[in-house]
Each structure stands twice: as C-alpha cells, then as structure tokens.
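Heads up: the protein sequence lines correspond to chains A, B and C, in order. As numbered in full-length UniProt numbering, residues 1 to 351 make up the first sequence, in order. As numbered in full-length UniProt numbering, residues 1 to 351 make up the second sequence, in order. As numbered in full-length UniProt numbering, residues 1 to 351 make up the third sequence, in order.
If you are wondering where the hints come from, they were derived from the structure by calculation, not from laboratory data. The beta-carbon is built from N, C-alpha and C at its ideal position, and this holds for glycine as well. Please note: incorrect hints may appear among the correct ones.
[Stated by the list, open to error] Here are some of the chain C residues that sit facing chain A, going by a computed Cβ distance under 8 Å:
1. S2
2. V6
3. T159
4. Q305
5. I322
The lines below spell out each chain.
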Amino acid sequence: MSSWMVDRWYVAAWDAEVDRAPVARTICRVPILLYRTLDRRVIAMRDACPHRLLPLSMGIREGDSIRCRYHGLKIGPDGVAEEMPLKTERLNTAICVETYAIAEKHRFVWLWVGDKAKADPALIPDFWPCSAEGWTFDGGHDRVGCDYRLLIDNLMDLTHETHVHAGSIGQPELMEAPIETASEGEAVTVSRWMPGVDAPPFWRGALKQDGPVDRWQVCHFVAPSSVIIDVGVAPVGAGATLADHDRQGVRGFVIDSMTPETGTSCHYFWGMARNFDISDQGFTARFKRQQGGVFAEDIEILEAQQRSILANPDLKLRAYAIDGGGVRARRVIERDIQGGPRAPSNESIAA
Amino acid sequence: MSSWMVDRWYVAAWDAEVDRAPVARTICRVPILLYRTLDRRVIAMRDACPHRLLPLSMGIREGDSIRCRYHGLKIGPDGVAEEMPLKTERLNTAICVETYAIAEKHRFVWLWVGDKAKADPALIPDFWPCSAEGWTFDGGHDRVGCDYRLLIDNLMDLTHETHVHAGSIGQPELMEAPIETASEGEAVTVSRWMPGVDAPPFWRGALKQDGPVDRWQVCHFVAPSSVIIDVGVAPVGAGATLADHDRQGVRGFVIDSMTPETGTSCHYFWGMARNFDISDQGFTARFKRQQGGVFAEDIEILEAQQRSILANPDLKLRAYAIDGGGVRARRVIERDIQGGPRAPSNESIAA
Amino acid sequence: MSSWMVDRWYVAAWDAEVDRAPVARTICRVPILLYRTLDRRVIAMRDACPHRLLPLSMGIREGDSIRCRYHGLKIGPDGVAEEMPLKTERLNTAICVETYAIAEKHRFVWLWVGDKAKADPALIPDFWPCSAEGWTFDGGHDRVGCDYRLLIDNLMDLTHETHVHAGSIGQPELMEAPIETASEGEAVTVSRWMPGVDAPPFWRGALKQDGPVDRWQVCHFVAPSSVIIDVGVAPVGAGATLADHDRQGVRGFVIDSMTPETGTSCHYFWGMARNFDISDQGFTARFKRQQGGVFAEDIEILEAQQRSILANPDLKLRAYAIDGGGVRARRVIERDIQGGPRAPSNESIAA
C-alpha cells in the first residue's frame with residue numbers, strides 16, 4: 001500500500017555523499033547500505049546482515065567487502081557471503097544479502113526501486129543541466145518529515161513563494177503573471193513567461209547588462225518524483241521564446257528530487273545548475289547557502305502540513321487553479337501505481 | 001467512541017488568553033483556532049486551511065480575517081473564503097472552514113461541542129461567582145496528561161488532600177468530618193459541614209475576627225465537566241447553614257473546568273472566586289500562585305495514575321465510600337453518552 | 001502471546017537492590033513493586049493501588065505496609081487492605097492487591113511468573129557459585145532494549161567476542177578452538193577445551209604461576225532464561241578435564257540472567273563468581289567495572305539488532321554452526337511455551 005511508483009530510479013544520494021565508509025539510508029521503507037568499492041563503483045545492499053540482522057552499516061569495510069561487527073560474517077560487493085563467522089565452517093555461498101541496482105549519473109547515485117531485472121540506466125531521468133558541458137551544479141540533501149508528494153505539490157506551484165518566502169525570494173508580481181499548465185505522457189509542465197520586465201537584481205547580475213528582459217519560470221514534473229525548474233532571463237530582442245531560450249541569455253535549473261523514506265517522510269535532494277559564472281566557486285557556495293535557507297522555510301511549512309493532515313483525518317486536500325501542475329503530477333503517479341497495487345490518496349480535486 | 005458528552009458548552013480558554021493573535025488548541029480531538037475580531041468577538045474555526053490543510057494558526061491575521069501562510073487563501077471571520085491564492089482566480093465562496101459556536105461568559109470563552117444548530121447560550125453552566133457583583137475571580141490553565149474524568153474524580157473527593165497535599169493544604173481533620181452525597185438530575189453534590197470549629201489561618205485572616213466558626217465545603221459537579229467547590233466560614237451564631245450561607249461570613253468558590261483534549265489528556269482551567277478582600281490584587285496574585293502549586297501536586301498524581309491505567313489493562317478502577325460523588329458524576333456523563341454513542345468505561349463500582 | 005516460559009522463577013533484582021524503600025520494576029509486562037519488611041523478607045505486589053490504580057511505588061511505607069499517596073488506602077505486606085481512605089469507613093478486607101511468590105537465593109531476588117500455587121523454591125536455578133563457600137560474587141543490572149532471547153543467543157556463542165569486543169576482551173584464537181554443543185532435557189551446553197595453551201594475562205595473574213595451561217569455556221543455558229559460563233585455567237598436568245576441572249586451577253563463572261520486561265526489552269543481571277582472590281575487594285570492584293564496560297558493547301549491538309529486526313519485517317534470523325547453542329536454547333523455550341500458548345518466533349534454522 002505504498003504511495004510511490006515502483007520499477008523506477010530514485011535518487012539515493014549525491015555522488016559525494018557516498019565514499020568508502022558505509023552510509024545507512026532508508027529508501028521506500030527499506031534500510032539500505034551504500035558504499036564505494038576501490039574502483040569507485042557504488043554498492044547498495046540491504047542494511048541487515050543475513051545472519052542475525054545487525055545493520056551492516058555498523059560493520060567494517062575490508063577491501064570491497066563488509067564484515068559484520070557482530071559475528072564477522074563477510075559479505076562481498078555482490079552481496080554473497082565470502083567468509084563464515086567461524087573460520088572452520090565451510091563457506092555457504094547461498095548466504096547472501098539483497099543488493100540493488102545502482103547507476104551514477106548527473107551527479108546523483110540512483111537506486112532502482114522494484115524488480116531488479118528491469119533496471120535499465122536508459123530510464124534515468126534526464127537531468128542534463130547537472131552534467132552538461134558549460135554548466136555547473138551543486139546543492140544539498142535534507143530529510144523532511146512529510147509525504148514526498150507534498151513537496152511535489154509545493155514545487156509545481158511557485159505562488160507559495162509570496163507567502164512562505166516573504167522574507168527571502170517572494171515577489172508578489174509573480175502572482176500576476178499568467179501560468180500555463182500542460183502535460184504529455186508522464187511529463188507535466190507549468191510555464192510562466194514574463195516578456196519585457198525589469199530584471200530582478202540576481203538576474204541582472206548574472207546577465208551583466210541593464211535594460212528590460214524576457215523572463216521565464218518553467219516547472220517540469222519528471223516521474224517518478226522530481227521537479228526541475230527552468231529559470232532565467234534574456235535581453236528583450238534577443239529572440240528568446242518559451243519554446244527556445246537556451247542560448248539567448250542566462251539560465252539556471254532548480255533541481256529537486258524527492259525520494260520516499262516512509263509514507264510520511266522523504267529525502268529531499270536539491271540544487272541549482274547554471275550556465276553562467278560557472279567557475280565562480282564563491283557564487284556557488286553563497287547560492288547553495290541561500291537556497292538551503294529558502295528550503296528550510298518550505299520544510300517548516302511542509303512538516304506542519306503533514307502533522308495537520310494526520311490531526312484532521314476527516315479533511316481532504318483541495319486543489320485550486322494554482323494547483324493544476326501538482327494535481328496532474330499526482331495523477332501521473334496514481335495512474336502508474338494503479339497499474340500495480342492501488343495507492344490511497346487524500347487529494348480531492350475541486351479545480 | 002468518545003468519553004465526553006456532546007451538544008454541550010466546554011471552556012475553550014480564559015477570556016484573557018484569546019486576543020488578536022491566533023491561538024491553537026485541540027478540543028475534543030479537533031484542532032481549533034481562536035482569535036478576536038477588532039470588536040472583540042471571539043472567532044473559533046478548524047485550525048486547518050481548507051486548501052492544503054496548513055494550520056491557519058500559522059497564518060497572518062489581516063483585519064478580522066486570516067490569511068494562510070502557505071498559498072495566501074484568505075478566510076473571513078465567518079469561515080468563508082474572501083480571496084483566492086491567485087488574485088486572478090475568481091473567488092469561490094463555497095470554500096470555507098468549519099466555524100464553531102462561541103459564547104463568552106463568567107470570564108471564560110465557551111465552545112459548543114456538537115451540533116452547532118443546538119448551541120444555546122442559556123445552556124452555559126452558571127458559574128455566577130466568577131462574574132457577580134461583589135466577587136473577584138482569577139486563575140490559570142494547565143494541560144494535563146490524563147482522561148478528564150480522573151480530574152473530576154479527584155475534585156469530587158477532597159480526602160485526597162491529606163495525602164496528595166500533605167505538604168501544602170492537607171488537613172487530616174477534614175477526613176473526620178462526615179460527608180453527604182446527593183444528586184438531582186445532572187447535578188451532584190458532596191457536602192461537608194463542620195460546625196463550631198477553629199478557623200484555619202487562611203479563613204481567620206479572611207474573616208478578620210477570632211473565635212469558633214462554622215465551616216463548609218460543598219463540591220458541585222456541573223455537567224458536562226466542571227466541579228465548583230463552595231468553601232468558607234461564618235462566625236458561630238451568625239446563622240449560616242448548609243442550605244443558606246451566602247451572607248453570614250466569607251466565601252469562595254474553587255472553580256475547576258476540564259475540557260477533553262484527547263482520550264488521555266485534557267485542559268484544566270482552574271481558579272478561585274471570592275467575596276472578601278476583592279480589591280486586594282496582592283492577595284489574588286499570591287493565592288493564584290499557591291493554587292497553581294497545589295494543582296501541580298495533583299497533576300503529578302493524575303498523570304502517574306493515567307500511565308498506570310494504561311500499564312495495567314487487566315485492572316479496573318474501584319470506588320469506595322469517598323468516591324460517591326465521582327461515581328455519580330461519571331454516571332451522569334455515561335448516561336448522557338449512552339443516549340448517543342456508547343462510551344467505554346473502566347469504572348467498576350464497589351461502593 | 002508471550003515469548004517467555006511461565007510457571008518459572010525469574011530474577012527480579014539483586015539482593016542489594018531491594019531494601020525498605022519501594023522499587024518499581026516491570027517484569028514480564030506486569031508492573032511490580034518490591035520492598036523489604038523489617039525482618040528483611042522481600043515483598044512483591046502489583047504496582048497499582050487496588051482503589052484508583054496509582055502506582056503503590058509512589059506511596060509511603062509505614063512499618064511493613066504501604067500507604068497509597070493518593071487517598072491513603074493502606075495495604076499490608078500480604079496485599080490485603082488494612083485501612084480505608086476514610087477512617088470512618090469499615091475496613092473491607094476483600095480489597096487486596098495481587099502479590100507474587102518471592103524467593104531469595106544465590107544473591108538474587110527471584111519472582112515466580114505464573115500460577116502462584118505452583119511456586120516451589122526447589123525449582124530455582126542452581127547458581128551455586130554465587131553463594132558457595134570459597135567463592136565470591138558481584139555484578140550489575142542493566143535494562144536492555146531487546147527481546148531477552150537475543151541476549152541468550154549472544155551469550156551461548158562467544159565467537160562474537162572477536163568482533164564486538166575487539167577493543168577489550170576479544171581474542172581471535174578463541175575462534176579456532178573447536179566447540180561442542182550438547183543438550184539434555186532443558187540443559188544446553190557449549191564447551192570449548194583448549195589444552196596446553198599460553199594463559200592470557202588475566203588468568204596468569206589469577207593462577208599466580210607461569211607455564212602452559214589447559215583452558216576451558218563452558219556455556220550453560222539454564223531455563224527459563226539464564227546463561228552461566230564456566231571459565232578458567234589449570235596448569236598442564238594438573239589433571240583438569242572438561243568433565244572435572246573443579247579443583248585443579250582457578251575458575252570463574254560469568255553469571256547472566258535475563259528477565260523479560262516487554263516483548264522487546266529485558267532486564268539483564270550479570271556478574272562474575274570466582275574461587276580465587278576472593279577477599280580482594282579491589283579486584284572485585286575493578287572486574288565489575290570492566291565487565292560493565294564489556295556488556296555495554298554488547299548492549300549497543302543488541303539494541304541495534306532489535307531495531308533492525310523491527311525495520312526489516314520481511315527478514316528472518318538465520319543460524320549457522322556457531323549458533324547451535326542458541327538455537328537449542330530457543331527450542332527449549334519454544335517447546336515449553338507450546339505446551340502452553342504458542343509463541344511466535346522469527347528464528348529460521350539453517351545450521
């Protein structure tokens with residue numbers, strides 16, 4: 001009775017979060033252990049020794065293997081036992097721990113949730129700005145005490161910025177720009193095109209020139225649980241359009257990928273990819289700190305929302321005009337789950 | 001399966017606890033938001049935005065309305081939407097949050113729990129000493145981790161003072177005075193009349209004269225969940241009787257009103273109304289501090305009792321002679337609930 | 001649906017833990033109160049006043065009786081009411097609290113869990129080294145957040161010392177000595193005989209002579225939930241054998257008795273009895289501190305194991321060669337329980 005898609009890739013970690021030392025992380029209710037082999041491959045296995053279930057993350061890595069800290073069963077990177085607790089006992093290679101398909105791409109470690117036989121790296125969401133030439137990308141990771149879908153709702157509707165981020169990035173004029181919501185297959189897009197406006201200071205600094213700009217904000221829901229927000233400005237007359245604004249100005253992508261931990265908690269991987277000032281590490285560090293502060297404002301709201309949902313079991317979430325993007329994203333998820341096991345939802349659409 | 005009466009007024013707050021800023025309080029398992037309009041009316045509404053359920057108590061009051069801090073839905077004091085999150089969206093006045101009937105009387109804010117159509121201010125318990133001419137009233141509010149009925153038991157039997165309040169107000173001689181328990185309709189009374197006794201220091205100070213006194217303690221259970229204790233002394237010969245002791249001496253009422261929060265927690269509103277030294281604010285402040293200290297002794301016992309009830313599910317509460325008042329009060333509650341849905345009770349009467 | 005044997009004696013406390021002041025302790029899910037009478041008998045009763053269930057452990061001992069701190073009901077050491085809350089109320093000696101059979105032996109206070117009529121002191125496990133002439137015994141008590149059977153598993157297999165106690169007592173050579181597992185009736189034994197080995201420093205100091213030794217470690221499971229480990233060394237040639245090593249060298253018994261608190265927590269009573277340097281109190285104190293430190297390493301592992309069992313409900317504990325002793329001990333327990341109500345087990349044997 002899970003509320004997430006299966007047979008999908010989910011972000012398990014930032015690339016830099018996983019190194020030789022074991023990292024424990026619960027993903028879609030399963031305790032998982034992550035570490036890298038000497039040749040830098042990421043290994044993911046169930047974080048429980050097949051012998052007496054002590055978390056293997058408490059164990060000791062020996063070469064590319066993990067030795068359990070309770071009785072010393074040694075497990076290789078393929079999950080198969082390599083040494084019994086008692087050296088005199090004959091090795092039983094039927095003893096093994098479940099391992100998971102892993103792929104590393106676009107600065108993230110992706111874990112396949114579902115039937116391992118179906119894991120295909122070609123299915124990894126295309127976060128191209130995170131790894132393309134001429135771009136730079138950095139960000140952070142927070143554990144949030146809410147259903148991951150509340151974060152999708154949040155990100156597919158940027159009008160919340162006015163209220164939640166009143167003290168930081170909220171700009172009332174965003175509320176006045178018309179939005180367009182579209183979907184095709186599993187993709188959902190919420191677009192805001194603001195032609196001939198004053199550039200806010202951040203974007204003027206990025207563009208390094210004065211004068212009116214065409215500005216855009218395009219939120220993309222990417223199944224199973226990411227939101228990529230294409231943001232930027234181009235000088236008026238440079239020829240940028242909603243359909244084509246790749247080379248006319250400065251551009252960034254707010255990257256948000258949510259991985260369920262339990263039904264009411266998730267991992268939030270967030271960051272910013274940009275195609276300007278890409279060698280300015282001071283800019284990168286300052287922006288990451290600012291973005292972390294903005295998302296802390298969201299987290300306070302989202303965790304309060306989750307507690308309120310649990311405290312008001314007779315009430316349902318309602319959707320208004322601004323929620324079109326989130327509603328469609330939830331439909332994509334639910335449709336997919338219903339193909340498999342049925343997911344309960346407290347969403348009622350009153351658009 | 002609640003253990004409290006419905007279609008009744010319950011104390012939601014002291015009058016002074018509620019002002020312009022929103023106050024969040026769970027009453028009978030429902031998260032409630034309280035605030036005052038500019039003309040000082042108290043508004044009570046479900047503490048969850050009808051849009052995405054963020055607690056409205058996290059919102060911002062604008063005039064007499066509340067604006068949700070997530071997407072900015074604005075709700076009027078009648079609970080009806082006044083402004084959509086997106087200014088361009090047509091207002092849908094079908095969007096509303098549940099509001100509750102409120103009455104202010106005897107220094108308390110009362111909230112109607114049940115069918116709003118039946119809310120009748122005439123049904124508010126008559127706490128006359130809290131607001132009568134020639135009387136003064138003050139007190140406090142504590143959240144207690146116990147079933148509210150354990151507090152009723154506690155207050156309908158003052159013999160516990162000897163043990164629980166040994167270090168403060170406990171007086172062994174109270175144990176020797178005979179008590180009389182009576183009930184009529186929903187009213188239950190436990191009376192103790194002590195003729196020709198020495199006045200304890202507190203009462204001698206109040207009376208401002210020496211010599212023997214007639215002393216009384218009369219506990220009144222007032223449905224659905226209050227206990228009012230009429231206490232005082234009159235000089236011997238002044239003609240005071242159990243039936244008539246209103247003007248012969250000095251008199252106070254210990255006011256106790258318990259409002260269920262959950263099945264195992266409640267709000268405890270307590271205070272003292274008195275008809276002597278009514279302008280002596282120093283006395284009022286000192287007495288409130290003392291009363292708070294005495295009730296803290298009760299709270300320690302009551303929360304331990306609640307934990308023990310849960311830890312010993314095979315045991316039942318038993319009633320002895322001293323518990324007659326509490327037993328009858330619980331019967332009043334249970335009889336009323338059984339008219340509605342059946343309430344479980346772990347009370348077994350062995351009087 | 002309990003996972004422990006009933007109609008058995010369990011350790012409730014060290015003798016010195018119980019004195020005149022009431023001690024509260026939950027044993028096999030039942031809140032229990034322990035104290036001593038003036039003539040030093042230990043009394044055990046349900047820790048809930050029969051009146052309103054306040055823990056009697058919050059009460060005041062008066063002579064050999066306990067007076068409840070709520071309304072003053074006085075309970076004698078036989079569990080029968082001796083005084084009502086109201087002195088004028090006729091004493092009802094049908095009012096009583098459940099008492100439990102208690103026996104004091106081998107430095108422990110034992111409590112009979114089950115049908116009191118069957119309590120027979122002859123059934124107390126024979127911890128003779130804890131009280132025999134020429135021996136000394138001391139130890140400690142910890143509350144551990146795990147099923148008591150995980151501690152039995154732990155103690156019936158000492159190979160875990162190499163990994164869990166790598167920084168303290170772990171010795172890899174123990175892993176190489178062959179073990180023999182035997183059982184008869186409810187007794188289970190895991191024996192390790194190491195002839196002609198170097199004595200480790202601890203044992204050389206105890207033996208007070210150099211030269212090779214015969215060394216032994218014999219783990220005895222003693223139903224319902226103790227493990228006694230016979231350890232020691234004798235000079236080569238002194239004639240010690242696995243069957244007879246009582247007088248040829250120095251010997252100690254690691255005493256471990258586990259008493260269930262809930263299904264996932266227990267009391268751990270541990271200590272060391274020895275037949276050498278028995279008057280050296282400094283040795284006793286130092287060894288107890290060291291042993292406490294070693295067991296703290298186990299507790300960290302055991303509580304992590306318990307959490308992992310709960311977090312991985314689809315996985316089962318597996319048994320390898322080293323687990324033979326624990327597996328047989330669990331079978332003894334399960335067989336006994338199945339005679340009564342069926343106990344669930346997550347043990348799957350793959351030895």
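Quiz item: Broken hints, numbered, in rising order?
Solution: 1, 2
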